[in-house]
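Student: As a plain string of letters, each chain reads:
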Amino acid sequence: SQQGEEDPQALSIQEGENATMNCSYKTSINNLQWYRQNSGRGLVHLILIRSNEREKHSGRLRVTLDTSKKSSSLLITASRAADTASYFCATASGSIQGAQKLVFGQGTRLTINP
Amino acid sequence: EPEVTQTPSHQVTQMGQEVILRCVPISNHLYFYWYRQILGQKVEFLVSFYNNEISEKSEIFDDQFSVERPDGSNFTLKIRSTKLEDSAMYFCASSGTSDQETQYFGPGTRLLVL
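Quick note, the sequences are listed as chains A and B, same order.
Count along the first sequence from 1, then add 5; that gives the number in this note's numbering.
Count along the second sequence from 1, then add 91; that gives the number in this note's numbering.
Think of the hints as simulated: they come from the structure by calculation, not from any bench.
Ideal Cβ positions, reconstructed from N, Cα and C, are used throughout, including at glycine.
Accuracy of the hints is not assured; some may be wrong.
As the list claims (entries may be wrong) - Below, a list of computed lysine-lysine pairs in the BS3-like style, where the Cα atoms sit at most 25 Å apart:
(1) B/K169 with B/K148
(2) B/K169 with A/K75
(3) A/K74 with B/K148
(4) A/K31 with B/K169
Unchecked claim - Some but not every residue of chain B turned toward chain A, in silico, with C-beta under 10 Å:
(5) T104
(6) I129
(7) F136
(8) Y141
(9) E147
(10) I151
(11) F156
(12) R160
(13) F182
(14) S189
(15) Q191
(16) F196
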């Protein structure tokens, strides 16, 4: 079965630095999405990149996708204390016209130190 | 901004009891999902639902689980006879026809089975 696996499992950086998280998966996908989860809370959708895209930006977020290596990275620039959270990649499969199942990785726990 | 809501936020139940978790998806969305996250583990797909029927279900979603859209706004997950291992955070999500790939998650219901 396909999996999204993030690395590192935990990352601690100083405020203002950039944070990079990586995700690998195993099978073909329609798209890959990144979500944020604050402790004990719901999942917030950050960004989606389709299988035919290589890079996407949204504010301080930059996502890359390499389908030949089955990997993606999420870069958060100029980190802030409020970015402290767990970040998950999720791969989507299923009919493009229908409901798509998301398969989540274990996540990266990001801590931004003031 | 429209959001997915879930009730209750917390539920404690005795093993063997039935529970119903409720979700109100975003109003113009047509695809609905349930996921769960056992403490410290990955978010796992349970079931997807479209056009009043299940689109896909995981191995976790056995005969003890059922979903229903009883009216135009609610989407429910029923666990018929809860087990200790059903203790988890349960997330509802929905996606729309114009952007069916992006799933919007509710804040979750934390279920504790004693």
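Student: Provide an ascending list of the numbers of those earlier hints which the structure does not satisfy.
Tutor: 2, 3, 4, 5, 6, 10, 11, 12 and 14
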